[in-house]
Amino acid sequence: MQLSPPPTVFLVMSASLADSSGKLPRVAIIGGGPGGLFTAWHLEQLTAVPLSLTIFEATARLGGKVCTASFASADIQYEVGAAELYDYSPVDVDPLRELVQQLGLPTVAIGGSAVFVAGRSIANLDDLGDVGGASARREFTNFDIRSRSAMTPADFYESGSDHAGDAVAGGRFEPALDEIGCGKARRYVDVMIHSDLATEAGETSCGYGLQNYLMNDPAYMQLYRIPGGNEQLMQAVAGRLAADVRLNAAVTAVGTGPNGTLHLQFRSGERHLAEDFDTVILALPMDALKRVRFTDTALADAMRQHVEHHDHPAHYLRVSVLLDRPVPVLPGDDAYVMLDAFGGTCLYVESACDPCATNGVLGWLIGGTAAVEMAFLTDDALVATVLDSLPPPLATCRDRVMEAHVHRWTNAVSALPGGWSRLPVDRRHRPSHAHSGFFVVGDYLYDSTLNGVLDSAEHVAGWVVAEHASGPGTMPMDRDRATMEAL
Amino acid sequence: MIVTDHDEPRAAGRIPEGLPADASLRRVLLACNEELLMLIVPLPDGNDGESAPNPVRITETVTAWAAEVDRQDSTSLPVITVPLYGCHVVWKPGQAAVVGPVSRLELLTTALSNFASCEGELRQLEQRCVDLVATVEEDAPHAFEFEGRAVSRRGTLAGRFREAVAVRGRLAVLAPAAHAPPVHPPTLASQLGERLRDRTRLAERHEFAVDRAELAERLYEACGQRISEFGIAQRQMALEWAIVVLLVIQTALLVVDLLSRGVTT
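Heads up: the protein sequence lines correspond to chains P and X, in order. Heads up: the first sequence begins at 953 in the working numbering, then just goes up one per residue. Heads up: the second sequence begins at 72 in the working numbering, then just goes up one per residue.
If you're looking for bench data, these hints aren't it; they were derived computationally from the structure. Among the hints, a few may not be true.
As the list claims (entries may be wrong) - A partial selection of chain X residues facing chain P, derived with a Cβ cut-off under 7 Å:
#	residue
1	T134
2	A135
3	A138
4	L155
5	Y156
6	L245
7	A249
8	H255
9	P257
10	T258
Glycine included, C-beta positions come from ideal geometry on N, C-alpha and C.
Could you build the full structure based on these sequences and the hints that come with them?
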């Protein structure tokens, strides 16, 4: 998850960023999701006095995929988007964990081992041995050993960076799964990781598949959430920004303006407006990115290539259900279980961490093909379908539903397909060399996680500040390009 | 870590009412020289904790049994209940109950005994640390300066130093068990061990005990140095006096010799 360090990271006095007229550089961030907010946060952290920073958000709220909502029948929260945060600190420094701590937000560790296959809980090797015999146990153990050999905790941590090992850059994940010689063991692994992959094993890379398997090992990563809702993280970041935040302002076009500036056209309510900025940072999910029009030919070509390279959609579907009483304790005191329904689904007991809960909250995370297919169902049909998938220990919850909500996150993340090569970190973030003030930030540039988007934001913020401090064309990548052109 | 174990006879009144007929009591002598009384309640294999006999009622019954039985060695630790994938374990120092499918019972009782042995030893060491730390304030002045009137306490201080070193040694031996990282892929036994260690805060307790033992060890080590210095100083003083006396005698003899020569001359 960790990246190569930003081109230059230091605290820059705002005076040194100002041009000869004393005017601060104008920076526009398009997108008020995690990418946009984290970039703004880092930009402000890297300068002693805030930049002239504007955030354009097309909707009425900030936070994007990190979204916590409340039920109408009771003042109880549920996660609409990211239900858990990843903690890489067992391996190395975790900037997201540090940010959460820096913002003073409480956290609670969550975990779960049970995988329900054909109504039977498999929570450990003993259960797997019961279900599939000694061969299942042996095959699974061998797969585990192969996975660890292919990706050490350090490799896992570095995935997404320029130093990522072969496992990440390697082929498809499916052949690695096919090496599991026992069908029951294979099914167990499939179900365990499917919802986190958000795609099918045949459509993602070996490295990403292994990551999603190894994340179950506490030596690689741990999970946590923020009591009261993960969106508090976004609110805490947004609340500390001095930037000019424009809600309901959808950027429709980006082009070049006078004196090397970038020209933004955006819609604010019924009005169509335009402004020029020195730097534009596009922090949008892939489907929103495709809706932006680029009026400059070179920029349009560069962005077309950027989208073609990174557009490998993966999908989620969230169904959240409020129950009239607390959920029975899961076997093993777990916060979630994996179900074999819909190709592999994660069922969160969101109320599990609250000992004083008056109601139960269940949340299904459906991923991959099933999420796309089910997205066309009506909300009522979806809720009825997911309730049918309840495992035996929670079967009684079916009759206690008070309220339910469905949230469709199709094309929300990247499938990181096999055989697909990552671009160098610098190239990912600056698609067009000709437009030195134009950057891109996104989780799809890394590993489709919140940690990845924070890395992306940190990289771009460091780069932007360094460029404004030292002038365009002075960064290592620019020098390399100039050398190449000279040659 | 189990030294011996044997099944208790199904004495009337020992096994609570309402449990399956094949429930049994087992008394296990742990490596820490404590006894663990285990109530073992087998469920039919394949029972996922959901079908008859009613596992909820059984769980309530064994939890109440663990909470009510008054044992001399019971401590302030609360009764800990661990639901575990079709099994159920209740534990408090000296007493435990295991409810689960027949095929899982041996795994669970072994894991439970290993944990109980580790926890029991840590609890004993914690008590020894408490005793050591209780004397720290009283003995602290000797770590700075040892006086002659404290000579009679030398043996006591040496004994406390040996005790501090012994406690630290035992804590070092216990460290891998107390700080064992989670096992992956997990087994039922590893999951039970992890949950019990987590719920009894074994790792934190171990760290605190190490801190206390370290404090006592450092204090009594300093005391030992002061005592040693005091002993050396005492011996040096005796030697100096012996030299002085010898010099005086030598001088006296010289004077006598000179005087006797003068008289002769």
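To see whether the hints hold, each was checked on the structure:
At about 13 Å, the closest approach between the beta carbon of T134/X and any beta carbon in chain P exceeds 7 Å, and the interface hint on this residue is violated. About 18 Å separates the beta-carbon of A135/X from the nearest beta-carbon of chain P, more than 7 Å, and the hint is not met. This hint is violated: A138/X has a C-beta 18 Å from the nearest C-beta of chain P, more than the 7 Å allowed. Evaluation of the L155/X hint against chain P yields a held restraint, the C-beta minimum of about 6 Å falling below 7 Å.
At about 4 Å, the closest approach between the beta carbon of Y156/X and any beta carbon in chain P falls short of 7 Å, and the interface hint on this residue holds. For L245/X, the shortest C-beta to C-beta distance to chain P is roughly 22 Å, which exceeds 7 Å, and the interface hint is violated. Among the interface hints, the one on A249/X is violated; its C-beta lies about 17 Å from the nearest C-beta in chain P, farther than the 7 Å criterion. Taking 7 Å as the C-beta cut-off, the interface hint given for H255/X holds, the closest approach to chain P being about 4 Å.
Annotation: interface hint on P257/X holds; nearest CB of chain P at approximately 5 Å, less than 7 Å. Of the supplied interface hints, the one on T258/X holds, with its beta-carbon coming within about 5 Å of a beta-carbon of chain P, less than 7 Å.
This entry does not satisfy hints 1, 2, 3, 6 and 7, going by the numbered hints stated previously.
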